[in-house]
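If you read the sequences in order, they're chains A, B and C.
Counting with the working numbering, you get residues 1 to 698 for the letters of the first sequence.
Counting with the working numbering, you get residues 1001 to 1100 for the letters of the second sequence.
Counting with the working numbering, you get residues 2001 to 2537 for the letters of the third sequence.
For the record, the hints were derived by calculation from the structure and aren't laboratory data.
Here the structure is a predicted model, which is why all the values come from computation and not from measurement.
One or more of the hints may lead you astray.
Unchecked claim - With a straight-line cut-off of 20 Å between C-alpha atoms, the simulated EDC-like cross-links for lysine to aspartate or glutamate are:
(1) C/LYS2461 with A/GLU178
(2) C/LYS2163 with A/GLU178
(3) C/LYS2459 with A/GLU178
(4) A/LYS326 with A/GLU127
(5) A/LYS179 with A/GLU127
(6) C/LYS2461 with A/ASP180
(7) C/LYS2459 with C/ASP2317
Now for the letters of each chain:
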Amino acid sequence: MKLYDFIWLVPLFPLLGAVFNGFVSNRRGLSKTTTQSVALLGAGLAWIYGWAAVIQWFFTEDHTRAYSVTAFTWITGGNLTIAGGSTAAVDIAASFQVDPLSAVMVGFVTFVGFLIHLYSVGYMHGEPDRDYARYFAYLNLFMFAMLTLITGSNLPVLFVGWEGVGLCSYLLIGFYFEKDWCAAAGKKAFIVNRIGDFGFLLAIFFAFYYFGTLEFQGLFDAMAGDHGGHYATAATIIGLLLFVGAIGKSAQIPLFVWLPDAMAGPTPVSALIHAATMVTAGVYMVARCNYFYQMSPTAMLTVAVIGGVTAVFAATIGLVQNDIKKVLAYSTVSQLGYMFLAAGVGAYVVAIFHVVTHAFFKACLFLGSGSVIHACGGEQDMRKMGGLKKYMPTTYWTFLVATIAIAGIFPFAGFFSKDEILAKVFAAGYGDLNHHGGVYYLLWSLAVIGAVLTAFYMFRLVFMTFHGEFRGGEEAEHHLHESPWTMTLPLQILGVLSIVGGFIGVPGFLWGHPEHNLIDRFLEPVVLHMDHGGHAGAHPGLGLELGLIALSLAAAGFGIWMAYRFYFVDREFVRAGKLAERFPFAYKLLLNKYWIDELYAATFVKGTVKLADLLWEIDARVIDGAVNGARHVTVGSSWLSGIFDLRVVDGLVNLVGRFYDVASLQFRRLQVGFAQGYAMVMVFGAALLLGIFFVVNL
Amino acid sequence: MIDATHYVVLSLILFCLGLIGVMVRRNFITVLMSLELMFNAVNLNLIAFSFRLSDLAGQVLAIFVITVAAAEAAIGLGLIIALVRLKDTVALDEADVMRG
Amino acid sequence: MDTQYGWLLNLICYLPLAGALLMVFFIKNENVGAIKTAAAIIAGVDFVLSLPLWFLYRTDGAEFQFASRAEWITSVGAQYLFGVDGFAILLILLTTLLGFISVYSSFTAITHREKEYYVFLLMLQTGMMGVFCSLDFVLFYVFWEVMLVPMYFLIGVWGGPRKLYAAIKFFLYTLVGSVLMLVGILALYFYNAGGLKAIGLAGLGNTPTFSIPHLYTIAPQVPPELQFWIFLAFFVGFAIKVPMFPFHTWLPDAHVEAPTAGSVILAGVLLKMGTYGFVRLSLPLLPDATVKAVPWIGVLSIVAIVYGALVAMAQKDMKKLVAYSSVSHMGFIMLGMFALNDPGLRGAILQMLNHGVSTGALFLLVGIVYERRHNRLISEYGGIAKVMPVYATFFLIITMSSIGLPTLNGFIGEFLILIGAFNHSWVWALFAASGIVLGAAYMLWLYQRVFFGELANEKNKSLKDLNLREQWTIIPLIFLAFWIGLYPKPFFDRMQPTVDRVMERVSVALPETDLGFVSGGDTDADHAEEPESKHGE
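Chain A extracted, bound-state conformation (with noise of 0.2 Å):
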């Protein structure tokens, strides 16, 4: 039996655990322990089944070639009109498909999405029944979405997988809905990812429009085959409209807003949906979609250009936070730049890489995060900790790992993934890409300061979280414990994974392979390779890869030293506060995240509020004001019609009437209204006209 015939099955598992819980359990109130079970079931399957399906087709499948099934027809949209004249029938399949690309990130979504459920066990059993089986419903639909998002072949599932991991965020940013903060953070992000979907939504109709298909192997082939570039322009208008999307879904500029307020969930959410899996949905789909990429030059650019700006952008405004889940969303915004800065190299592979990577250190800071603040009850200031080594020493280790393999220091797992996007970039500088040449060179040392801010930053989270003397008062520091054995062996696996996680991508040429690691190799059949001029071909020869290497870990060595600097060696960070003192200026711009959120406020919220709202005053005045005029005017016409008749046309008649109203007054009085009356008059009557009758005919 082929298992990854029925690979629908992995995303199917965790719905009928949403189903479930969403609806029997949460609403007769189940138990915990049947809730936990029935969704650790759900992800647990997709996991195995997800696991054991790719290992199967990796050992009978052609790799060259996307395996698609198709689980029923979806849309029969009848036939259109495409470029050129033909006709395409718009017919969309609810189709799945397994390939190298879907197969790394069903291997490490399902895995960590699994840990995360089991995390999640121990973080919020302090939950009442009711909602802690919600809160699994939304985890599970969630498993559900990403994972018809990664597994699904053609770009409208795909966006059925893009909104449904976008609900999900919703409902779980709003998990805690009393608050109006959370709700509201939540309806901001379902908002700015659909402006990013609007973006998403027109491409689609671009590719269809161009190709008549949305079957992720018909685009590529239809790009493949096109040796004379006649569809750059397509490929312009389609892979930037697609990036649209991306930097709604992963948070980058200008579309990034919405991210670090996303920290209002529970923590557990923000691991996986908010570091690991979700918001690097975006770079999985822009390396899905690398021949559009490949094929324009411009887009490549743009993509290149946002990334490495957020990376560094968000890395600065990283370095003041105070609120630890904060600080780690913005690192979250940085790491994103970064695997947008290699997919805009056409370095898809390496962006991919890095997305495993920082969806392993990343939930693990996360993870490690949440088990601080759970011991620290519910407080996320790190100016408030301090110390918490001794209590939590699981918690500080596999969190210290994580912090390393971030940093990028040899040989933990963030080393060789950032390693490889400098080297990428720097190559792409060297080998002057597209003629671009000096732009990448401009990102790649953007992209190395970002790394200098990176180590610093997260240093500063470390020593503040975790050395010197815990700052919360004695009342805190007696509930300080350690987290139970749900959260911790999740910590220890993911900061085991930080470790050699890396290792799927050891550079080529440590191991004689000068052209390709691991995972690059894996995943090659998934980019169309093209010729982007210049000398693309070009390699830095080894002497000045190995001189980047020591480059960056020089970078982040340097970001750690001034960390410890002035957050270990000064206990007081006093060093730190003048600092502040001194650029009063920046440290209000870093601390206030450059306003970029006032800014919106008062410009796109308001506007279009405004808008709104002077819309509907004309609406309710010029609009149907015209409707109630009409209406006047008709009511008056009559009004003064109903004067004419009155004293004209009816005067008349009255004139009339008066005649008879006289008149009858005399007739009134034969009425004496005495029935005998009538009879005696009618006999006598007759008695009369009998009378006359005789004397005529006499």
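Starting from the known structure of chain A, arrange chains B and C on it as the hints suggest.
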């Protein structure tokens, strides 16, 4: 020998009795009965001439009159009840609300 | 014309009326329980009876099935002509379902003059069904007008504080439209027959008839100028009913003042009369004028989409918000229809059902809290997800269906409409798709203000969650929302013959190649060009 003249005279007497009853009696019920008397006077006349002229139409007409009389009696009694409800009396001269 | 099971259609159409008459004569005013039971049974039986239409309709059969025919006003050639195609069947099923739901949902909402209320509701159902079944213009017009009367009373007697204003506005506004439509009908009638000397109209000289299927056959012969005027007359009639911007202002008033069931029927079915009219009459009968009107109607629709959404955002009254969202959604339907291509028309037809389901359910849901609190102001609520979790869940699902979340019904319709509109003009799609963002904004903002946050208002703390009856008024609609969202194929199968025929009839007026974008031809060079340069509407 009794011939048509006798019937006509009898019928005339009956009709006049009825007519006077209708005109002078105050009791509504009596007025109604007088009215019936007038009907029957006419009937007698019709049957007498039907027999005399050997024409069945007269008898048919008589039966038709009886039917109408029955309906008339029903309506009349209904009016009486209505009058009693309204004025608590069967005296006809009390029913003068329509006086002009 | 296929007359098999013709009696079934008549039965479905007249059963509510007959039931209403029986109720008038045989149930006492005071016997409220019996009135409710009888009305629910009549509406329920009618729904069950209409189900066979779904199964018995043959997609490869005659255009109009379940037909029946009788002489009526022979002197002018008006007949009694009934018959439906797949499109009408879908709308009839929607009508019978919503008819039942609206009766069932009124049990506690209506507390005075119950008998008249249910009688009017049932009469309204016959009126609506008659419009969908009629294939003769006179009959169509009669039902079209009959429909207005019960609705007028439903709003005017059982409505809110400004019910009289709303009822009269509704009645007169729509009457103006339908009178103009009658003029259009007569013009077509006279053109088909001997013509009309008074206005210098020479006719074709056929036997005078009001039969719509017959008029389909002469449609291509109608001269463009005449088509233009008839189209204009029809347009006013239908556009008011839809309602299209700027004829929409009766809608919020009518919706806000109408009782819940009235709003459900109004949004679910009555608004579809306008779009039904366009698909059934304007498009196939007046292809030339239709094609010429495309840019105008497209722009009006886009204005309606964006404008309706923005005005909805400014509302403080829940029902008014939903009413303006209707304006936006109906704009989508018109846009898809006048893209004049296969997906656009399919999407438009499906969206008619979707709008009936989603907006109908939204009005039901708003009605439920209104019944409890007698207040519809958004600011009066907040945090009620805490006390009404089931209600919150239902509302969320319907909200998602309304804003077009994939796997729910709204997405399928909007997707096809947009892809159809895109094929006509990418600028259309660009603006229309922004309605999707705005839709999410106003609906989620509403949801947040009503359900999330702290339960601050004392009066809301004792709100009861949905009882079983209320749940069952919503559940069928939620089921439909998922069904259409996940597996819409059966719906597409049934509407396909209609769509094909309408497209075929319109296509006589379409230019040889497609509309816009690409000038046809084969070349790959087309791809290299900027679409902007070739495609500004």
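### Query
CA of C/LYS2461 to CA of A/ASP180, is that 20 Å or under?
Judged against 20 Å, a Cα distance of about 17 Å means the pair holds.
### Query
Between C/LYS2461 and A/GLU178, does the CA-CA distance stay at or below 20 Å?
OK: C/LYS2461 and A/GLU178 at ~13 Å, within 20 Å.
### Query
Does A/LYS326 pair with A/GLU127 here, judged by a C-alpha cut-off of 20 Å?
Distance of about 23 Å is beyond 20 Å: violated.
### Message
Does A/GLU178 sit within 20 Å of C/LYS2163, going by the straight-line distance between their CA atoms?
### Response
violated (36 Å)
### Query
Is it true that the CA of C/LYS2459 sits at most 20 Å from the CA of A/GLU178?
At roughly 17 Å apart (the allowed maximum being 20 Å), A/GLU178 and C/LYS2459 satisfy the hint.
### Query
Straight-line Cα separation of A/LYS179 and A/GLU127 no greater than 20 Å?
holds (15 Å)
### Pair hint C/LYS2459 and C/ASP2317, alpha-carbon separation not exceeding 20 Å
Answer holds: C/LYS2459 to C/ASP2317 is near 18 Å, not above 20 Å.
In terms of the numbered hints stated before, the structure departs from hints 2, 4, listed from lowest to highest.
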